[in-house]
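In the order they appear, the protein sequences are chains C and S. Residue numbering for the first sequence follows the numbering used here, beginning at 646 and increasing consecutively. Residue numbering for the second sequence follows the numbering used here, beginning at 21 and increasing consecutively.
Please keep in mind that the hints were generated in silico from the structure rather than gathered at the bench. Nothing false has been slipped in among the hints.
Lysine to aspartate or glutamate pairs mimicking EDC-like chemistry, simulated, CA-CA at most 20 Å apart: (1) S/Lys80 - S/Glu96; (2) S/Lys97 - S/Glu36; (3) S/Lys80 - S/Glu35; (4) S/Lys117 - C/Asp716; (5) S/Lys117 - C/Glu704; (6) S/Lys72 - C/Asp746; (7) S/Lys76 - S/Glu89; (8) S/Lys72 - S/Glu83; (9) S/Lys88 - S/Asp75; (10) S/Lys97 - S/Glu83; (11) S/Lys76 - C/Asp746; (12) S/Lys76 - S/Glu96; (13) C/Lys724 - C/Glu704; (14) S/Lys97 - S/Asp74; (15) S/Lys117 - C/Asp746.
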Amino acid sequence: SQTIHQWPATLVQPVGSPLSLECTVEGTSNPNLYWYRQAAGRGLQLLFYSVGIGQISSEVPQNLSASRPQDRQFILSSKKLLLSDSGFYLCAWSSQRSSTDTQYFGPGTRLTVL
Amino acid sequence: GNSVTQMEGPVTLSEEAFLTINCTYTATGYPSLFWYVQYPGEGLQLLLKATKADDKGSNKGFEATYRKETTSFHLEKGSVQVSDSAVYFCALRNTDKLIFGTGTRLQVFP
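Bound-form chain C, shown alone (with noise of 0.2 Å):
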């Protein structure tokens, strides 16, 4: 069966500071995989996507990046945090085969700045 993993859980970052976000899946291949973000009483945001490795989308503008260095390994990054990147981290996986196709959800990242 299929599992996605991200860690850390909770993170508390001063503002300035970088960030690493981590999200892998096991039990599936060539997944596509995606970072959402949810600020507090908020619906969720679409910040990444990828296809495939090394094949990222944006679809907002920010100070954050993604990359996938393998093929079920995704990481949210950013150099500098802002106050405004404090929120609830998800990460979601499907297969590629239809897009009536379920996403799966990570247990969530929540990121506080200070």
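Since the structure of chain C is provided, determine the placement of chain S on it from the hints.
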């Protein structure tokens, strides 16, 4: 473009009450429709889905019917429990991306 509109919450109900959370969508083509649930402090879990018109998705007593004529996918449950308290997200997918609604918080009291 593609979009999903959900009723604003919170929805506050007593245990065993009937639940409806409205969801309408705008999309090109023939999207798949989903309901996800987020329990406090957790990620999203798929609750149910429907992939074509008139399909009914169901799970854990929740149901939603894909209505193409009204572009709707309303979530219903006949008798809610305190454990159903969560945020519910309606979503559509007709490309590689999911488009989410803003979420509706459900609070069920004993």
